[in-house]
Amino acid sequence: MFCREHAAQLRDVYSDITASGADVVAIGTGNMMYAKSFVDDEKVPFMVVVDEDGSAAEAASVTGGAKALLKLFTPSVLSAGKRARKAGHSQHKLGARSMQLGATFVIAPGNKVLYQHLDSDVGDHAPLADVLAALKSN
Amino acid sequence: MNPTLLGDIELAGVDGEQHRLGRLWADKPMVVVFLRHFG
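Chains A and B, in that order, give the protein sequences.
Taking my numbering, the leading residue of the first sequence gets 1, the next gets one more, and so forth.
Taking my numbering, the leading residue of the second sequence gets 1, the next gets one more, and so forth.
Treat the hints with care, as some may be off.
Straight-line distance between alpha carbons at most 25 Å, and here's what the computed DSS-like set of lysine-lysine pairs gives [unchecked claim]:
#1 B:K28 / A:K43
#2 A:K86 / B:K28
#3 A:K112 / A:K43
#4 A:K136 / A:K112
Interface residues of chain A toward chain B, partial, derived using beta-carbon atoms under 8 Å [to be verified]:
#5 V25
#6 M32
#7 V39
#8 M47
#9 V48
#10 A59
#11 A60
#12 T63
#13 L101
#14 G102
#15 I107
#16 V113
#17 P127
#18 V131
#19 A133
Cβ pair distances, simulated, as ranges [stated by the list, open to error]:
#20 B:A26 / A:K136: 17 to 25 Å
#21 A:K86 / B:T4: 36 to 44 Å
#22 B:G13 / A:N111: 18 to 26 Å
#23 A:A133 / B:M1: 12 to 20 Å
#24 A:A19 / B:R23: 28 to 36 Å
#25 A:S137 / B:T4: 19 to 27 Å
#26 B:R23 / A:M32: 15 to 23 Å
#27 A:K86 / B:E10: 13 to 21 Å
#28 B:E17 / A:K86: 34 to 42 Å
These are computed hints drawn from the structure, not numbers from a lab.
Every residue gets a Cβ at the ideal spot worked out from N, C-alpha and C, and that includes glycine.
I would like the entire structure built from these sequences, with the hints used as guidance.
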């Protein structure tokens with residue numbers, strides 16, 4: 001549900017991102033069947049790839065496991081759940097490593113990291129205004 | 001976060017192609033979003 005909310009938010013600013021000369025790739029856990037359904041349901045306009053074995057998450061130091069489980073029922077997550085449901089998003093079937101937390105990076109040519117946000121809990125996402133500001137600063 | 005290590009990884013895309021991640025930001029900035037899952 002939170003992933004779908006975040007994908008929809010990115011979809012809504014995708015034209016602003018491409019207008020700045022950048023693009024978006026979403027890296028998800030789970031399998032290709034879930035990924036295709038996700039893209040179709042949410043009308044995702046950007047590239048989506050599947051990190052089945054978690055190697056990309058590991059390289060990016062994106063955490064999960066028991067740490068994420070402990071953060072699943074905090075007041076901020078419950079509040080974020082209400083926000084996402086109000087916006088029309090619902091929980092679909094979970095894939096592998098569903099306890100992995102999300103993250104957002106902006107990486108420029110030369111492997112230059114312009115921005116990074118490691119989600120603090122399952123309902124947290126990078127503020128898109130910050131992402132757009134990082135792109136403009138490049 | 002190690003962008004060099006991440007860039008060497010190749011993943012399957014929904015488009016049916018294999019993508020080496022580093023190529024995606026080789027010539028333009030890329031917003032790289034890790035989703036928890038596709039649920």
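Results for each hint:
1. B:K28 / A:K43: holds (24 Å)
2. A:K86 / B:K28: violated (35 Å)
3. A:K112 / A:K43: Outside the cut-off at roughly 30 Å; violated.
4. A:K136 / A:K112: holds (14 Å)
5. V25: holds (6 Å)
6. M32: Nearest chain B Cβ about 7 Å off; hint holds.
7. V39: For A:V39, the interface hint holds, since the closest Cβ of chain B sits about 5 Å away, which is under 8 Å.
8. M47: Holds: closest Cβ of chain B sits about 6 Å from A:M47, inside 8 Å.
9. V48: holds (5 Å)
10. A59: holds (4 Å)
11. A60: holds (5 Å)
12. T63: violated (10 Å)
13. L101: holds (6 Å)
14. G102: holds (5 Å)
15. I107: holds (4 Å)
16. V113: holds (6 Å)
17. P127: violated (13 Å)
18. V131: holds (6 Å)
19. A133: This interface hint is violated because 12 Å lies over the 8 Å limit.
20. B:A26 / A:K136: 17 to 25 Å: With a Cβ separation near 21 Å, B:A26 and A:K136 satisfy 17 to 25 Å, so the hint holds.
21. A:K86 / B:T4: 36 to 44 Å: Because 41 Å falls inside the window, the suggested range holds.
22. B:G13 / A:N111: 18 to 26 Å: For A:N111 against B:G13, whose Cβ atoms are near 21 Å apart, the range 18 to 26 Å holds.
23. A:A133 / B:M1: 12 to 20 Å: Given range 12 to 20 Å: holds, Cβ gap about 19 Å.
24. A:A19 / B:R23: 28 to 36 Å: With a Cβ separation near 22 Å, A:A19 and B:R23 fall outside 28 to 36 Å, so the hint is violated.
25. A:S137 / B:T4: 19 to 27 Å: holds (22 Å)
26. B:R23 / A:M32: 15 to 23 Å: Hint holds: Cβ distance 20 Å, inside 15 to 23 Å.
27. A:K86 / B:E10: 13 to 21 Å: violated (39 Å)
28. B:E17 / A:K86: 34 to 42 Å: holds (36 Å)
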